[in-house]
Amino acid sequence: MLIEGKNICFTYEVGGSSFALQEVDIDIAPGEFVVILGANGSGKSTLVRHFNALLTLQRGELKVARIDVRNEQDVWLLRRLCGMVFQNPDHQFVSSVVEEDIAFGLENYKVPRDVIPERVRSALALVEMNGYEKRSPHTLSGGQKQRVVLAGVLALEPEIIIFDEATAMLDPTGRQEVIKIMQKLHRAGKTIIAITHYVEEAVAADKVILMHQGRVLACGRPQAILTNLELMQVAELIPPLPVRLYYDLQQAGIQLNRCPLTNEELAEAICQFRSNT
Amino acid sequence: MSIQIEHLSYAYRLPSGEKVEALKEITCTIATGDFVGIMGPTGSGKTTLLQLIAGLRRPTGGRIRLNGKDINAHGYNRNLLRQMVGVVFQEPENQLFATTVEKDVAFGLKYSGLSRPEITARVQWALETMGFDFEKIRNQSPLALSGGEKRRVAIAGVLATKPQILLFDEPIAGLDPYSRQHFLHFVTKINQAGTTIIMVSHNMEALAEYTRHLLVLAQGRLIDSGPTREVFIRLKQKHSGAFGQTEAQKITTLLAKNKLVLPAAVVTYDDLLSALKQELAGGGPG
Ligand SMILES: Nc1ncnc2c1ncn2[C@@H]1O[C@H](COP(=O)(O)OP(=O)(O)OP(=O)(O)O)[C@@H](O)[C@H]1O
Ligand SMILES: Nc1ncnc2c1ncn2[C@@H]1O[C@H](COP(=O)(O)OP(=O)(O)OP(=O)(O)O)[C@@H](O)[C@H]1O
Ligand SMILES: [Mg+2]
Ligand SMILES: [Mg+2]
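First to last, the protein sequences are chains A and B.
So for the first sequence, our numbering puts the first residue at 1; every next one is plus one.
So for the second sequence, our numbering puts the first residue at 1; every next one is plus one.
Hints are supplied without guarantee of correctness; some may be wrong.
Stated by the list, open to error - DSSO-like cross-link-like pairs, simulated, lysine-lysine; straight-line CA separation at most 30 Å:
{"hint": "1", "chain 1": "B", "residue 1": "Lys250", "chain 2": "A", "residue 2": "Lys184"}
{"hint": "2", "chain 1": "B", "residue 1": "Lys189", "chain 2": "B", "residue 2": "Lys103"}
{"hint": "3", "chain 1": "A", "residue 1": "Lys190", "chain 2": "A", "residue 2": "Lys63"}
{"hint": "4", "chain 1": "A", "residue 1": "Lys134", "chain 2": "B", "residue 2": "Lys24"}
{"hint": "5", "chain 1": "A", "residue 1": "Lys110", "chain 2": "A", "residue 2": "Lys207"}
{"hint": "6", "chain 1": "A", "residue 1": "Lys134", "chain 2": "B", "residue 2": "Lys19"}
{"hint": "7", "chain 1": "B", "residue 1": "Lys69", "chain 2": "B", "residue 2": "Lys19"}
{"hint": "8", "chain 1": "B", "residue 1": "Lys238", "chain 2": "B", "residue 2": "Lys24"}
{"hint": "9", "chain 1": "A", "residue 1": "Lys63", "chain 2": "A", "residue 2": "Lys134"}
{"hint": "10", "chain 1": "A", "residue 1": "Lys180", "chain 2": "B", "residue 2": "Lys69"}
{"hint": "11", "chain 1": "B", "residue 1": "Lys259", "chain 2": "B", "residue 2": "Lys238"}
{"hint": "12", "chain 1": "A", "residue 1": "Lys134", "chain 2": "A", "residue 2": "Lys6"}
{"hint": "13", "chain 1": "B", "residue 1": "Lys69", "chain 2": "B", "residue 2": "Lys136"}
{"hint": "14", "chain 1": "A", "residue 1": "Lys180", "chain 2": "A", "residue 2": "Lys134"}
{"hint": "15", "chain 1": "A", "residue 1": "Lys6", "chain 2": "A", "residue 2": "Lys110"}
{"hint": "16", "chain 1": "A", "residue 1": "Lys180", "chain 2": "B", "residue 2": "Lys136"}
{"hint": "17", "chain 1": "A", "residue 1": "Lys63", "chain 2": "A", "residue 2": "Lys184"}
{"hint": "18", "chain 1": "B", "residue 1": "Lys250", "chain 2": "B", "residue 2": "Lys277"}
{"hint": "19", "chain 1": "A", "residue 1": "Lys207", "chain 2": "B", "residue 2": "Lys162"}
{"hint": "20", "chain 1": "A", "residue 1": "Lys180", "chain 2": "A", "residue 2": "Lys207"}
{"hint": "21", "chain 1": "B", "residue 1": "Lys103", "chain 2": "B", "residue 2": "Lys69"}
{"hint": "22", "chain 1": "B", "residue 1": "Lys277", "chain 2": "B", "residue 2": "Lys259"}
{"hint": "23", "chain 1": "A", "residue 1": "Lys134", "chain 2": "A", "residue 2": "Lys207"}
{"hint": "24", "chain 1": "A", "residue 1": "Lys207", "chain 2": "A", "residue 2": "Lys184"}
{"hint": "25", "chain 1": "B", "residue 1": "Lys257", "chain 2": "A", "residue 2": "Lys180"}
{"hint": "26", "chain 1": "B", "residue 1": "Lys162", "chain 2": "A", "residue 2": "Lys184"}
{"hint": "27", "chain 1": "B", "residue 1": "Lys250", "chain 2": "A", "residue 2": "Lys180"}
Read the hints as simulated data drawn from the structure, not as lab findings.
Note that the coordinates shown come from a computational prediction; the quantities given were computed from them, not determined experimentally.
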């Protein structure tokens, strides 16, 4: 396992009784594409912030690439291994020039100087923000900022990339593009961990983790999790549209042959139903 | 409180001297009590437009009239404007600063003339409206909250002032599905009670199901506007959905490829469900 956690508990108020994480077990294999779903405050961000030691493990065990996250001398190694795109882009800029902001991260990780400009250029191209090199991040629109933050993390070429609601501020096309970038990185062998409130983004994952009130409520293939109405309801989530439609049609006496997850599967199931009757 | 926007333009000036034309010659009218959605790709000028309507920036061309009065004219009462127009920004969590959630939400009521108990009641109402347990949340630090919780507190802060016009910039980004629905239902309710709502969103479902009129921006221009359903149908026909299509519309496109043609008016989930029920019940055509 690349990420192996057992019985992780965490509280923000030291000595307090309210837990942000409770007895969380987690296993993520190398190259896996994992999506974490859960209501506001369910512990998603708190959990992933343990992977690169942004939060200190209080109880339980956690190893990332066999490194114990409690080993203080390995913090830099962990940060390098585990890139993270945060929820709020405004808190992530260190420079007032876009290209310097991205270069800064590379310099920090001792990437040879002569390759930095090329790495910056290709990262900005990947998120379609070339042409904005000299701009100040603070003069960009919300979605443009989010793209620059993403470029900054991609330029570091980490093995594990954590997207904490990295698509929240993007338009539908932009969201689609970021999902494509995730899939491309996944195919290239990277481990992808994505947190999202867009449940549709979970259908292509290898594994879905459902969080609820600081606990892992369920973990498994998208098909098993997202089509389980009861489970989704307990987690206070709404299933993807094709799943809802499947059950609503069923109520009306129209039984499709299987519960679809994607729009394409839905269209196929509907057409099959028509040709069968 | 009708809002008339006439030939409105705005250009940012970068430190390099270069100009960024964020809005170009926008003309439209927003009626009192309407629920208007604004749609458009990243960088199309949506946030800039809201900032201009709120009087936070001066247009570089054209004007905005509120009930016939130019809000940027000399002598216009800016304090009144601030009372009438409430804005929830795109990253509202950056605006939280007080030591407790209760103080943060009460901040905008400081000069409202309300008594202390009235303020507390108002704050409680706003926080409960945003789905919080008042007693549990009131003494927490706003910084010690999750991303979505911060956003909900920030929205409560603006709701508490009960403005006549409410501008929301991506209010549902970062909200979980239940909070999203809860918020949209609530906004519909205050809209029905008379508040004018203008909501920027990248969420096509939310725009299609909740707004009455839609403005579509692209590269700083208003490329379409009108009743929401009509605009969605037009966008699909004219731009094959490049600017925005609901999931239901995407599914009708896929079905049409398989020779199942549903009415063009299918825009929302409910439209799709009832069209399919009709089409598939009784065994369909074959
Ligand atoms: N800095 C903090 N100090 C104290 N409590 C916190 C802090 N950050 C989060 N919490 C609390 O810990 C719990 C889990 O928060 P977390 O940020 O992990 O949730 P989340 O699942 O990421 O939610 P969201 O979808 O809103 O981002 C919540 O109850 C939250 O109020
Ligand atoms: N302070 C600023 N200085 C210079 N240019 C700016 C500034 N703020 C925004 N811009 C530019 O103006 C244009 C419109 O930006 P705006 O923030 O209005 O877009 P938006 O439609 O809200 O986008 P998003 O969906 O990404 O939030 C963009 O090209 C942006 O780069
Ligand atoms: Mg979070
Ligand atoms: Mg914006």
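inquiry  = Hints numbered earlier in the text: which of these fail when held up against the supplied structure?
reply    = 5, 9, 10, 12, 13, 15, 16, 19, 21, 23 and 26
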